[in-house]
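Novice: Two chains, two separate frames, one set of hints: put the complex together.
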Amino acid sequence: MDGTQKSWNDIMSQWMRLQETFWKEWMTFAEKSMESMMGMAKMGASAGEETAAPWKLYQNWFDSFQKVFAEKEQDGLGATVFNRVFSASRVYLDLLDFWSQTLSSFKEVSIGEPLSVEKIRDIRQQWIGQYQSMMESLWGGIPSAELRDTAKALSSTSVAASDFMWNFIEPSFKNMAQLPGVLEKVAKGDRGAVADIGGIFVKNYEETIGKALLAPSVGYFKEFNERLNNMIYAYIQFNTSKAAFYSLFYATGMKAAERVYDKFTEFVGKEVTPETFREFYRIWWTVNEEVYQELFRSEEFSKLTLDVNRRGLQFRKWIDDVFEHILKFTSLPSKKDMDEIYRSLYDLKKEVRAQKRAMKNVEKHLGVTKQEHNPSR
Amino acid sequence: MSENVMETMIKETAKVQQKLLKGFENLINIKDVETGVTPKELVYQEDKVQLFHYDPGSKGVCPVPLVVVYALVNRQYMMDIQDDLSLFRKLLDHGLDLYVIDWGYPTKIDKYLTMEDYILGYMDNIVNFVREKTGNDKINVLGICQGGTLSIIYSALFPEKVKNLVTMVAPIDFASGDALLNVWAPFMDVDLMVDVMGNIPGELLNLGFLWLKPFQLIIDKYIGLLERLDDPIATRNFLRMEKWIFDSPDQAGETFRKWVKELFQENRLCKGEFELGGKRVDLKKIAMPVLNMFGEQDHLVSPKCSRPLSELVGSKDVTTLPYPVGHIGMYVSSRAQKEMAPTVARWLIEKSAGEVKKSKQKKTVSKKSSKSKLKS
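Sequence order for the protein chains is A and B. According to the working numbering, the first sequence holds residues 1 to 377 in order. According to the working numbering, the second sequence holds residues 378 to 753 in order.
Some hints here could point you the wrong way.
Simulated coverage check for chain A against chain B, where a stretch passes if three residues somewhere in it have a Cβ under 8 Å from a Cβ of chain B [to be verified]:
| # | stretch |
| --- | --- |
| 1 | 83-95 |
| 2 | 230-239 |
| 3 | 318-325 |
| 4 | 340-351 |
Quick caveat, the hints were computed from the structure, so don't treat them as lab data. Backbone N, C-alpha and C fix where the C-beta goes; we use that ideal spot for every residue, glycine too.
For reference, chain B alone in the conformation it holds in the complex (with noise of 0.2 Å):
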């Protein structure tokens, strides 16, 4: 080996050395990071499924309330991971009035929970006490990547509820995607794992996450984490992501089985033939505005599945917005930070002037009362 290779090698290696020890130091003593930054306020609760309302301010300026509706495989605090990358902070700011549904972790009890009871049920005693609260009659609804098919799919059954619709990285045809998750979905035994599992474990979904891109997430994403190891906030931040990333809670089996095998496997909501509750899914009686926005590098949910939506609704006001950017790039770029929020904002004001609330605002439920009333 000549001296040059030789004397590169030592060097790496002592860097990596280095900053491994440095590694160490910095992070064997972080139990937890803060995420969630954000003031909000629990207002209601079914099971462990609980609505947050965001505090506005004094900033409010849409008559009109935003449900954020999430992916079942995430938590509440993904888009609010910390001070310079919320995209609640941003939207809040623009003068939105936000309620974020959390779907809590789902045990061995709640199995049995069926697509049914997440759109028919929860989600809709959640609209319902949203529109009570507010005095709306209709509100807004954004839903986020699985969050946004089932949002999809709770507008076109309630479409007298929404006024408008705000869909980011959410898959509606499944056929046409050319992810890894749409070329292995088709040899899923669905039937089997749920009858086995009961739930389906959050760790094995991210293993699946992982290996969709493994060498980038498994080896290179730390390597490069090793550059900044020494550089206490990058490590804060990125240990925030990390949290995020693998904070993933099981999913109810009944209702991951409909998923794959309805959805996945079958393509039924884009072909019409998608039932909830005995009732039929026609995503034509989806009337009122759309905005719909994906990543053009989304490695997860492919453009090609995204895209379609436009075609699929029946209303005759859709935005489509897409962003070169990959699935979480929607959620914590700064690009997102910087023109998804207040393209999101503007769009919803607009679209929702002149909604006149039928009734006076009732009184916010306070934190204590609300707590209280909730444990009874």
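So that you can see chain A by itself, here it is in the shape it has in the complex (with noise of 0.2 Å):
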């Protein structure tokens, strides 16, 4: 075993004990709570404050697990799997908070009351705020880490420009008179309004730097400068058109809600138990895989993609400008040139594999022959 292997391991024997600790501290506190709730509940209190309290420790458990984990640079696949099933386990306990939190929620329904048309009304709402910020661990407030990749993989080289492009772009948030009223609306839960950020924010870019990027350019550095001020459109462009997409997701994700809250009323009045939430588990994502294959089959979801693709890769077409033309004032090959020379080296390779051929069908007719088990070398 090498040092940095034995350290790691250290950290982590470490960090097991640490768990096991806490794991004991969250059982005591949990029981606590649980005692305290049981008393409230024969006094007819609500329990929803103090129950939340050993979730958020929980929570907390999580996330630093989570920054132990990403501390260490891993690699392998072993490390890689456990990632995926941490992030999905993330999801299920999301899930399993709202499960809990819904069910206190419906509370009174299932003591059999008439409940008037409002209180339906405020349940309801309630359930789809909660769902909403439940859907928000999936696809994230920001993107989620597969939208993040898509996005990356996409624009390659342009994450570590795009760090340098916000220098770039960031005067024209500090100006944006409309956005807190934008973002109110946000945090009221209208998710359409994400798109409005881009559009607000493409045409405070054109009042402020914009005009002044876009302006034309003189002198020695113009080339460059109107390279570069192409490359800024294109970033605002892809941004533009990403916020459109997710809102998407999030009208979609909305729409499932909805499902789900049907189903969800079956549970209403059932026993608790841990196989009532896996069928819980169970309908929540067979149902959203439902709704979102309907909107991965419609036609607005693929002109979306369509978009956010072809934006993303203009984007990244500008940066292979704007780099091509850095590159011209060192000793370094471009793209272009690279590309010169795989053209140069698959059109040789053909030729020889041709000339090889023909030198073989010239041997055969001659009869002559080779042991050669490998032809086209």
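Specialist: Written as structure tokens, this is what we have:
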């Protein structure tokens, strides 16, 4: 075992011990909460606030575990798969939390008393609100890991450039007077407003820094400046397009929420066991799969995907263009140079192969036997 | 919150945490798992493409060798993932002489490789090599998924070299397919993708495959694993599948362009308008016996996409076999092991009967000498 591995194992065994301690504390805390809650239940008081405490503690454990895990540069198949299991577990536990909280909201329904229309509406709204925040653990308030990976795979070399770009576009954000209103809408659950942010940003950008950037450049750096401006513009277009794309995801999530809600009411009044939760989990993911399949099959989704991909690729094209220009002043080969080399090698190899084949045919024709088991080489 | 809700929540959360810790212990130090378990020998190499000959043991009964052609996005160990899930081993046990193509990992230098290079170049060279090595005029071909389409095109262009053709989950009628890939393909700006990216990253294609069933493939699959994390054998088996699924080579840009544009978007092969190397690919020239197998629950290549092969080829001897499995199930399900391998083997042996080699089989190139020759 090398030194690095040993030190990592030491850290992990310490971490495991810490978990054991944490676990005991958490159980004790949870037991106490239950005791106090049971007392409250007898008095008819709501225990929602108190029960959130052990859960928060657990969330902290989850966060710290993830942090420790992330600090270690992991490699290998096991670590990669563990990461995937860990992410899936987080969604599973968020769903469990949501489920238990919702069952509490339905407490009044389960005792069989008739509910007013207003009360039903309140419960439904509360349900949708909780569901929305739970779904953010899946798709994320910001793009989920998968979506981020897609964007990364699309833009590839643009990742580092994105940070660089931020310095350029930050002033546009600072002057966005309309932003607070839109953010308020988003906070209230209007996911369509996410798309508005992009639109406002483009407008604001064009009125501020965009004006300066798109103004015709002069002097020695004219060409370079214009390329840079095009790159910035492509980046903004890409982000606007992504906002519209994500808003479609949120809207679909809400559609799924309605369907899951209808199914959820079947659980009200039933005995609460891990099995009933697992059945709810199964319904949750299958209903979501079904609703997202509908989205993926829609023309709207295909068009938006095409748009986001195109803009991502255009952005990368401009990045390549800027680098191409920068590399002119160095002794390093550019993408264009390398492409030329690849093309020449490809053509050369093809020609050699054709000649070898022709030679082989001649040999065959002349009756020359050659002990060669790998004809093309 | 009532006490039984709280209790349930605690129990379930505790269970998940314990399983996660167990999983952490079990998984974190596993760097890799063994795949490709059946003994094999590298017998041919050209650029990054390799051909493996699987050790037939003493059971060889089929006089015609079988060349297996995979999708360019898959690795050759796909059907040989572990001892009890090896379709290759089953085929060998039933007496087939097996050669398998590994397309390798194209890099930037390979971005100009075309479908002509793959089919008229690599594939034809490999077929000629096997014909020469075994003394057979004709060989059997088994094409899987995209490899099935490549095999169909090859068989139409070189019918004189193919004795029997077996296709497995192979897309042929791209316009009839109702799978998500068929829905998305018309909206792909493939020219821009290839012009900007060069090669198409396997990682990107994998993300596309995950999005076909995001909740099942990103969440439920791993929650299912959580239940089995304390079982080291089940965990290792899962890791093998996981390794294979995510081990996807990049796609040579020019090949990808033609694949998406002319097949997915324009459905040219089916219409009889597809050309390769300046030659029209006429499916009616496929006159040899054909065995066409597909999964009835396939979400990648829908049955509607594979089934029409029987009507498109010129052969009068076409067997169509749907199986009640999905795309992956065709390769690794227990049903595949129990039913598919014997069916393929029996069919090939029956259709290859009476085949006489034109000359005595040449001596097999030893691994050492083969390698040294390849390096030279």
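Novice: Please go over all the hints and tell whether each is borne out by the structure.
Specialist: Taking the hints in turn, this is what the structure says about them:
1. With 9 residues having a beta carbon nearer than 8 Å to a beta carbon of chain B, the stretch 83-95 of chain A meets the requirement of three or more and the stated coverage holds.
2. Coverage of a stretch by a chain is defined here by at least three residues with a beta carbon nearer than 8 Å to that chain's beta carbons; for the stretch 230-239 of chain A and chain B the count is 0, and the condition is violated.
3. Given a C-beta distance limit of less than 8 Å, the hint that chain B covers the stretch 318-325 of chain A is violated, as 1 residues qualify and 3 are needed.
4. Chain B is given as covering the stretch 340-351 of chain A, and this holds because 6 residues of the stretch bring a CB closer than 8 Å to a CB of that chain, at least three being needed.
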